[in-house]
Amino acid sequence: MEHIPKYLLSTVIAMLLCFSSYSTIAIASDGPDEVEIDSLAQLYEPVYFDHAMHEEVTDSDCAVCHHHTLGTQIDDENCMRCHAESGETDEISCQECHSSNRFKAEYLNKIDADNTLYHRDKVGLKAAYHIRCMNCHEEMGVANGCQDCHSRTDAGNKFFHAGNYAPPESDKPAGGGH
Amino acid sequence: MKTMNRRKFLKGSLLGGAAASVINKSKNADASASFGGYPDAMGVLVDLTRCVGCRSCEAACNKEQGLPAPAQSFDDLSVLDHERRTSEGAYTVVNRYEIPGQDHPLFRKIQCNHCNEPACLTSCFVNAYTKTPEGAVIYDPTVCVGCRTCMVACPFYIPAYSYSSVLNPVIKKCIFCYDTRLKFGRPPACVESCPREALTFGKRKDLIKTGNQRIKNHPDLYEDHIYGENEVGGTSWMYLSSAPFDQVGFDTDLGTQPILSYVKEFLTVVPMVLTIWPALFAGFHLLATRKDKQKKEEKSEI
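Just so you know, the protein sequences line up as chains A and B, in that order.
One point on numbering: in this note's numbering, the residue at position 143 of the first sequence is 143, and numbering is uninterrupted.
One point on numbering: in this note's numbering, the residue at position 176 of the second sequence is 176, and numbering is uninterrupted.
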């Protein structure tokens, strides 16, 4: 194993170090049926994303999640200024554009040095998932809690002081002194 | 530049006394207003529209800082029923605010805002506090005598006190993960743990641009204000909100002057009072009593 400080491993970002391969790529329509998202596998179990079902939910409007990258019509006029004619891109997976190292010095410096870059405030991979998934789930009124999508691992329970690591019951009110 | 001005000012008031301090008043106020923090200081932009109150940041802080186990699990959202403050066991806490007219509550994470010109630092008489060029306001607990003046000075009520320690109670607060992360160019643990990037880490000056751009792109969503851009002289941690800031627990009456500027005039007179006054009044006393003494001596000669 390469040298990674212990505290790095133990923090949540470590969960983000790799984005999963497509586990079961069975081409039904144009996309995969199911995508295993295991980037949070440190504190959470992988998410099995039912791609086919979400295609149905969105009426196969790929742009809902994939923006302009599939060359489909997009609604946002601001995006249209550049991407109306930009066509399909080579890479369409989330991780190709949304960095898993969003706040690493190298990434921040790269943005800093590039005066021509428009997408300076592009969220990282983890936030791209959570903002897209959760905002939609909220709109649709479907399950939206953390463990509705991914159950916690033992390391996750330890991190949150939950499950086997939950503090003993106490009568103390929430909050505490200053 | 700031120290130069302050030194000049100190010298001036020492030599010129009270009159000089009055003349220098306006000049000095300008100097503090233009400081604006270290140019490459890092910061965090907290976007309340993204926070869902999951408390991951609290759990991450607990782990990173080696804080004591919490009274309740970090996934127990019932703690949000009461407004909480930072404490010796929790350097950051999330609170929930119901917004009149909005069907969703907003959540606000609080921690040390890491002021450009920190009031805690100014108030500390043992100089335990340091504002680092990276933007963090850190403190040396081995120097802290536990006087709690900084708790009174902080406009955000952040520094907490280790009341549980009998022998050596000291101040406890968020240090921007300076020792383990910030000084190596890495974001604090809370930022990395946030699933929705409600916390954006970057250079403070870039974050102000980012904040303004978000407001510009979504004028209907955001209040047209970045809290902390100018409050009390600017802070490294800043906030965007979709509700008026006073409805999400912010003090909107703090003004844009660093707390330092309210006490600087007084503090600079203190050395003058301590050095010039004793000599001056001792001189008056000697002059006034000189003749009495001479008379006494003359009498005794007779």
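By construction, these hints were calculated from the structure, which means they are not laboratory data.
Please note that the accuracy of each hint is not assured.
[Unchecked claim] DSS-like mimics (lysine-lysine), calculated; alpha carbons at most 27 angstroms apart, straight line:
| # | chain 1 | residue 1 | chain 2 | residue 2 |
| --- | --- | --- | --- | --- |
| 1 | B | Lys63 | A | Lys104 |
| 2 | B | Lys131 | A | Lys104 |
| 3 | B | Lys63 | B | Lys209 |
| 4 | B | Lys293 | A | Lys104 |
| 5 | B | Lys205 | A | Lys110 |
| 6 | B | Lys183 | B | Lys131 |
| 7 | A | Lys104 | B | Lys203 |
| 8 | B | Lys209 | A | Lys110 |
| 9 | A | Lys110 | B | Lys183 |
| 10 | B | Lys183 | B | Lys209 |
| 11 | A | Lys104 | B | Lys209 |
| 12 | B | Lys63 | B | Lys291 |
| 13 | A | Lys110 | B | Lys63 |
| 14 | A | Lys104 | B | Lys183 |
| 15 | A | Lys122 | B | Lys209 |
| 16 | B | Lys264 | A | Lys122 |
| 17 | A | Lys110 | B | Lys216 |
| 18 | B | Lys63 | B | Lys131 |
| 19 | A | Lys122 | A | Lys104 |
| 20 | B | Lys183 | A | Lys122 |
| 21 | B | Lys63 | A | Lys158 |
| 22 | B | Lys216 | A | Lys122 |
| 23 | B | Lys205 | A | Lys122 |
Hints, one by one, checked against the model:
1. Note on Lys63/B and Lys104/A: the hinted pairing holds, with a Cα-Cα distance of about 20 angstroms set against a maximum of 27 angstroms.
2. Our distance criterion of 27 angstroms between C-alpha atoms is met by Lys131/B and Lys104/A, whose separation comes to about 22 angstroms.
3. Our distance criterion of 27 angstroms between C-alpha atoms is broken by Lys63/B and Lys209/B, whose separation comes to about 32 angstroms.
4. Straight-line distance between C-alpha atoms of Lys293/B and Lys104/A comes to about 78 angstroms, which puts the hinted pair past the 27 angstroms bound.
5. In summary, the hint linking Lys205/B to Lys110/A is supported, as the alpha carbons are separated by about 16 angstroms, within the 27 angstroms threshold.
6. Note on Lys183/B and Lys131/B: the hinted pairing holds, with a Cα-Cα distance of about 12 angstroms set against a maximum of 27 angstroms.
7. With a C-alpha separation of about 12 angstroms, the suggested pair Lys104/A and Lys203/B falls inside the 27 angstroms cut-off, and the hint holds.
8. Restraint check for Lys209/B and Lys110/A: satisfied, since their Cα atoms lie roughly 17 angstroms apart, inside the 27 angstroms limit.
9. Distance restraint check for Lys110/A and Lys183/B: the Cα-Cα separation of roughly 19 angstroms lies within the 27 angstroms cut-off, and the hinted pair is therefore satisfied.
10. A distance of roughly 23 angstroms separates the Cα atoms of Lys183/B and Lys209/B; the hinted pair therefore holds under the 27 angstroms criterion.
11. Between Lys104/A and Lys209/B the CA atoms are separated by roughly 19 angstroms; this keeps the pair inside 27 angstroms, and the hint holds.
12. Under the criterion of a C-alpha separation no larger than 27 angstroms, the hint pairing Lys63/B with Lys291/B is inconsistent with the structure, at around 74 angstroms.
13. Annotation: proposed proximity of Lys110/A to Lys63/B is violated, straight-line Cα distance about 30 angstroms (limit 27 angstroms).
14. A distance of roughly 13 angstroms separates the Cα atoms of Lys104/A and Lys183/B; the hinted pair therefore holds under the 27 angstroms criterion.
15. Distance restraint check for Lys122/A and Lys209/B: the Cα-Cα separation of roughly 14 angstroms lies within the 27 angstroms cut-off, and the hinted pair is therefore satisfied.
16. Taking the CA atoms of Lys264/B and Lys122/A, the gap is near 42 angstroms; set against the 27 angstroms cutoff, the hint is violated.
17. Taken as a hint, the Lys110/A and Lys216/B pair is honoured in the structure, with Cα atoms around 24 angstroms apart against an allowance of 27 angstroms.
18. At most 27 angstroms may separate the alpha-carbon atoms for a hinted pair to count; Lys63/B and Lys131/B meet this at roughly 24 angstroms.
19. Of the supplied pair hints, the one linking Lys122/A and Lys104/A holds, its CA atoms being roughly 14 angstroms apart against a limit of 27 angstroms.
20. Between Lys183/B and Lys122/A the CA atoms are separated by roughly 25 angstroms; this keeps the pair inside 27 angstroms, and the hint holds.
21. Restraint check for Lys63/B and Lys158/A: satisfied, since their Cα atoms lie roughly 10 angstroms apart, inside the 27 angstroms limit.
22. Note on Lys216/B and Lys122/A: the hinted pairing holds, with a Cα-Cα distance of about 16 angstroms set against a maximum of 27 angstroms.
23. Pair hint Lys205/B plus Lys122/A holds up; C-alpha atoms about 17 angstroms apart against a cutoff of 27 angstroms.
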